[in-house]
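In order, the protein sequence lines correspond to chains A and Z.
Letter 158 of the first sequence, counting from 1, is numbered 158 in the UniProt record's numbering, and no numbers are missing.
Letter 34 of the second sequence, counting from 1, is numbered 34 in the UniProt record's numbering, and no numbers are missing.
Since the hints were derived computationally from the structure, they do not count as laboratory data.
Each hint should be verified, as a subset may be incorrect.
In this list, chains with the same sequence are indistinguishable; a pair is considered to hold if it fits within one copy or across any two.
[To be verified] Straight-line alpha carbon distances no greater than 16 angstroms define the calculated EDC-like cross-link-like pairs of lysine to aspartate or glutamate that follow:
#1 LYS98 - GLU121
#2 LYS97 - ASP122
#3 LYS100 - ASP57
Here the structure is a predicted model, which means the values were calculated and not measured.
2 protein chains.
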Amino acid sequence: MDVVEFVECSIGRWRSQRSGHNLAFSHFEEVRSTIDIVSLPKTAPEVIELCKSSEVDIAQAVSPFQMSWQGESDWDNDEVIEGSCVLVPIPDLDNLKKGKLLRSQGYAETIAAVGEYQITEDGTFVLHTEYDRAAAEEKIWFGTPNLRFRVSLIKTSDGNGVLTASFSSEIRSLSMEEKS
Amino acid sequence: MDVVEFVECSIGRWRSQRSGHNLAFSHFEEVRSTIDIVSLPKTAPEVIELCKSSEVDIAQAVSPFQMSWQGESDWDNDEVIEGSCVLVPIPDLDNLKKGKLLRSQGYAETIAAVGEYQITEDGTFVLHTEYDRAAAEEKIWFGTPNLRFRVSLIKTSDGNGVLTASFSSEIRSLSMEEKS
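Bound-form chain A, shown alone (with noise of 0.2 angstroms):
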């Protein structure tokens, strides 16, 4: 599976049950959301915009789409997450499944993120990313082509300590009334 095909089968809408773990505490964390995950064109004026900030030319782009979410999480129930962000891959010039996955400023984060993906032999979406005082690693697959996993780790911007991992299981909206 390569980056192309990877989107692909992301593309829709999902219903994920996400359990957070925050190690040092050994606290749980439920968060109950809808992702909508949709393709942009090279065009939209979004991702022109995110490839000239991250000094990128858009030819290398490949499959731009919007990630949305909306969930609520048993820690605050009157608070509703939602946020939404562009997402552009640049694979290497020789590889679909290796390169730079750049990041639009979210409605949560605060600035824009460069991270660097690899597809390994087993179809799993590897993706680092540095922030300034953390990093994350992402680990995203499919168990069935409408059932994706997902693991997060937040890490001290160093790499070797973990502070929290959270595991996310997503599953396809198949309903019409779902996709109201």
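Given the coordinates of chain A, assemble chain Z onto it according to the supplied hints.
Same frame as chain A, but now just chain Z:
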């Protein structure tokens, strides 16, 4: 990483946080447990017995170990979840990264099982086990030498449907107090 190194890195006492996702009903389960993994000699009676009952030559076995666990679920605080089983890797003749994993009848399981394991290029131990009416897929990997992650899927026996998914964060217990 091959299976000998993987077992070596796993030996010890681990404090585990596990989240279970029931995918049909979007239910969460939270389990806290302590897991002990100890190395066994190839001369241990339970290792010899497991190889014999599985009709495997003990000479093919590498790094046998015992895993035992004790924990509590938020689904039933009064019940202590505990069990123990013996595991014996039987690598392919030319490849320590691939082979079978024999597993004794545990306290919780009703039958012994033989799984197929493979260690991927990024050091993830992937195990497939088929039972009479279900199949299990586990991925286990190290975030750091003292932090192990495990994703377990319970599938329908045809391997197409996923019934439950769970995620464990396992932190090595280093203090003497916790080892007592």
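Each hint, compared with the structure:
For the homomeric pair LYS98 and GLU121, the shortest alpha-carbon distances inside one copy (12 angstroms) and between copies (15 angstroms) are both at most 16 angstroms. In this homomeric assembly, LYS97 and ASP122 come within 16 angstroms of each other (Cα to Cα) both inside a single copy, at 12 angstroms, and across copies, at 15 angstroms. In this homomeric assembly, LYS100 and ASP57 come within 16 angstroms of each other (Cα to Cα) only inside a single copy, at 13 angstroms, whereas the closest approach across copies is 48 angstroms.
Violated hints for the displayed structure: none, as all numbered hints are satisfied.
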